[in-house]
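J.: Turn these sequences into a full structure, and let the hints steer you where they fit.
Protein chains in written order, with the working numbering: chain A, 1 to 200; chain B, 1 to 379.
These are calculated hints, taken from the structure and not from any lab test.
Worth double-checking, as some hints may not be accurate.
Coverage of chain A stretches by chain B, computed from C-beta distances (three or more under 8 Å per stretch; other residues unrestricted) [to be verified]:
{"id": "1", "stretch": "105–116"}
{"id": "2", "stretch": "121–127"}
{"id": "3", "stretch": "156–166"}
{"id": "4", "stretch": "181–190"}
Ranges of calculated distance between the beta carbons of each label pair, as one might list FRET restraints [as the list claims (entries may be wrong)]:
{"id": "5", "chain 1": "A", "residue 1": "194", "chain 2": "B", "residue 2": "21", "range": "20 to 30 Å"}
{"id": "6", "chain 1": "A", "residue 1": "200", "chain 2": "B", "residue 2": "27", "range": "50 to 60 Å"}
{"id": "7", "chain 1": "B", "residue 1": "55", "chain 2": "A", "residue 2": "98", "range": "37 to 47 Å"}
Dumping the calculated EDC-like pairs for lysine to aspartate or glutamate here, alpha-carbon to alpha-carbon at most 20 Å [said to hold, decoys possible]:
{"id": "8", "chain 1": "B", "residue 1": "114", "chain 2": "A", "residue 2": "187"}
{"id": "9", "chain 1": "A", "residue 1": "171", "chain 2": "B", "residue 2": "195"}
{"id": "10", "chain 1": "B", "residue 1": "333", "chain 2": "B", "residue 2": "313"}
{"id": "11", "chain 1": "B", "residue 1": "240", "chain 2": "B", "residue 2": "195"}
{"id": "12", "chain 1": "B", "residue 1": "114", "chain 2": "A", "residue 2": "183"}
{"id": "13", "chain 1": "B", "residue 1": "167", "chain 2": "A", "residue 2": "181"}
{"id": "14", "chain 1": "B", "residue 1": "114", "chain 2": "B", "residue 2": "96"}
{"id": "15", "chain 1": "B", "residue 1": "343", "chain 2": "B", "residue 2": "365"}
{"id": "16", "chain 1": "B", "residue 1": "220", "chain 2": "B", "residue 2": "313"}
{"id": "17", "chain 1": "B", "residue 1": "114", "chain 2": "A", "residue 2": "117"}
{"id": "18", "chain 1": "A", "residue 1": "18", "chain 2": "B", "residue 2": "96"}
{"id": "19", "chain 1": "A", "residue 1": "163", "chain 2": "B", "residue 2": "356"}
{"id": "20", "chain 1": "B", "residue 1": "114", "chain 2": "A", "residue 2": "181"}
All values derive from a computational prediction rather than experimental measurement.
Where a beta carbon is used, it is the ideal one built from N, C-alpha and C, also for glycine.
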Amino acid sequence: MRRTTGPEIERLIQVLAKLPGLGPRSARRAALHLIKNREKLLVPLTTAMEDARDKVTICSDCGNVDTSDPCTLCRDPRRDRSIICVVEEVGDLWALERAGAWNGLYHVLGGTLSAVEGIRPEDLSIARLVERAGHEGVKEVVLAVNATVEGQTTAHYIIDRLKDLNVATSKLAHGVPVGGELDYLDEGTLTQAMRARRPF
Amino acid sequence: MASSSFVVTRLTLTDFRNYAALRLDPGPGLVALTGANGAGKTNLIEAVSLLAAGRGLRGALFEDLARQGATRGWAIAAEVASPEGETRLGTQWMPEGDGSSQTRQVVVDGMPQKSPGILSHHMKVIWLTPAMDRLFAGPASDRRRFLDRLVTANDAEHGARVLVFEKLMRERNLLLEDMRPDGVWLSGLEAQMAEAAAAIAAARLHAVQALQNHIKFLLKGSAFPASILSLQGDLEDRLKAMPAVQAEDEYRRLLLESRGLDKAAGRTLSGPHRSDLLVTHEPKSMAAALCSTGEQKALLIGLILAQASSVKEESGAAPVLLLDEVAAHLDRKRRAGLFETLKSLGAQSFMTGTDEALFNGLGKDADFLHVEAGIVTRQ
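T.: So, in structure tokens, the structure goes:
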């Protein structure tokens, strides 16, 4: 194939194309945009990425990503340390934080059990969760995993591993979304919502 | 205009099978498609079958549906009349990546949809093809698929439940291959499998019961023999005798106890994936598999007609019927009986055949179309 740019630009495009949401076409546009805006974008981006490379670490308590270990959330004295919310990925933690729905601690599993993908209990941060849940003062573990087959299998697994500890376990409710219309809900969700109804 | 049945009022094909560009406004009742072998009769009804979710009546790969030489994939557009009014449905497939993508786009009234499943709200279609002739004598898996499609016609969630069960089962089978399988993980999978299995079995039983009622009423005194349906399976048998919760519990225990056996076999030996639909020729009290070829065909047509009647009752409108090469196997009396039952159902029915004489008894209300090398002419 005939080469149209030097290998440095080609490499930049190839790396950018590996980012989620970017394909080869958008990667080329992004690369060109960065090169055109050298001072305004390329230099600050390089610095930001170098900083991230040097400083970002994974919290050894909860599995969150941050620039300190333990992470900002785990060190926050205003947080309720007796309750732990279990999520699959850091993205889920961020979603819950954006909602401001949780004032306890988190625990990031790093994925879900999947025999077909070869992800086993020891590949997830489950042993660490059991250890944390056994600490004095922990009262409840909330499972905020996805309502997928893999998520629910993982939830079953964790609940079994926690059953001998003196902690309550709970999971997120499934049902009618806020602002949702019944008419548009699928039958599965409606059935779940009806089963999980509660006093008004 | 609202209609009391689902009716394809206009069909437009682009680069689909042997049709480069076709526009057809089929009649609302019986539609006879005649032409030589390979003219494209089945291709035309296959296009209609893709107005429902799934891979159509041949179960073909989407890349195989594109016309030879076409580089931009294929498209099917249709106008469908139903009691809800007129809906424009469209579906297309375009080669992406290595060109073997198995997802197609679906558009309803100009709005792109997330999944083809939505089609079941706008269109109901049932088909009978020569490939189904060995349904009774062939493998149980064919009958199970037939049954599950039957259930899905009135219960759109059923397909998803079956997929969930199969996924869980694959996970369990893989785990059992381990030297020392993780018992806690297996229990989690089995609990979910039991829940899905009980729901699958209950939906199947309900659908078979409904179908049996329609067989009784629709086929009484008709040209087609009635059949007795019976579902056989671990869950189905239990559900006939005990409450669903108990059946679910027992199946979960069965899975737990048969881990060793399943491990040795390399698969899960019991469950809804092993169920079978047993069909008996009622007038002869004979298992369908033992009946003559002609009788099996008649039984099968009877089942399809009863299914159409059941869908009509549940959804309030008769489904579109696609009957591939159906007339050729029937004697004159049964052929007349088929046309009569189709008319009484009020279903738009596409029938294919090589010989025009097969459709002589259709009457003047029918739409006679001749297909030749991708071109359709009205007779």
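J.: It remains to establish, for every hint, whether it holds in the given structure.
T.: These are the hints, each one checked on the structure:
For the stretch 105–116 of chain A, the proposed coverage by chain B is satisfied: 4 residues have a C-beta within less than 8 Å of a C-beta in that chain, meeting the threshold of three. Closer than 8 Å: that is the beta-carbon criterion, and the stretch 121–127 of chain A has 1 residues meeting it against chain B, so the requirement of 3 is violated. With 4 residues having a Cβ less than 8 Å from any Cβ of chain B, the stretch 156–166 of chain A passes the three-residue criterion, so the hint holds. Check on the stretch 181–190 of chain A: 3 of its residues sit with their Cβ under 8 Å from a Cβ of chain B, so the three-residue criterion for coverage holds.
The hinted window of 20 to 30 Å between residue 194 of chain A and residue 21 of chain B is violated, with their beta carbons roughly 49 Å apart. About 54 Å separates the C-beta atoms of residue 200 of chain A and residue 27 of chain B, a value consistent with the hinted range of 50 to 60 Å. Between residue 55 of chain B and residue 98 of chain A the beta carbon distance is about 40 Å. The supplied range of 37 to 47 Å therefore holds. A C-alpha spacing of about 17 Å is found between residue 114 of chain B and residue 187 of chain A, which places the hinted pair at or below 20 Å, so the restraint holds.
Note on residue 171 of chain A and residue 195 of chain B: the hinted pairing holds, with a Cα-Cα distance of about 18 Å set against a maximum of 20 Å. A threshold of 20 Å between alpha carbons decides the hint, and for residue 333 of chain B with residue 313 of chain B the separation of about 27 Å lies outside it, so the pair is violated. For a cut-off of 20 Å, the pair hint linking residue 240 of chain B to residue 195 of chain B stands: about 17 Å separates their Cα positions. Between residue 114 of chain B and residue 183 of chain A the CA atoms are separated by roughly 17 Å; this keeps the pair inside 20 Å, and the hint holds.
Between residue 167 of chain B and residue 181 of chain A the alpha-carbon distance is near 30 Å, which puts this suggested pair outside the 20 Å criterion. Distance hint between residue 114 of chain B and residue 96 of chain B is fulfilled; the C-alpha atoms sit about 18 Å from each other, no more than 20 Å. Note on residue 343 of chain B and residue 365 of chain B: the hinted pairing holds, with a Cα-Cα distance of about 10 Å set against a maximum of 20 Å. Taken as a hint, the residue 220 of chain B and residue 313 of chain B pair is honoured in the structure, with Cα atoms around 18 Å apart against an allowance of 20 Å.
For the given pair, residue 114 of chain B sits about 26 Å from residue 117 of chain A by alpha-carbon distance, which is inconsistent with the 20 Å threshold. The straight-line distance between the Cα atoms of residue 18 of chain A and residue 96 of chain B is roughly 18 Å, inside the 20 Å bound, and the hint therefore holds. Using a Cα cut-off of 20 Å, the hinted pair residue 163 of chain A and residue 356 of chain B is violated, with the two alpha carbons roughly 72 Å apart. Proposed proximity of residue 114 of chain B and residue 181 of chain A is supported: the alpha carbons are some 18 Å apart, at most 20 Å.
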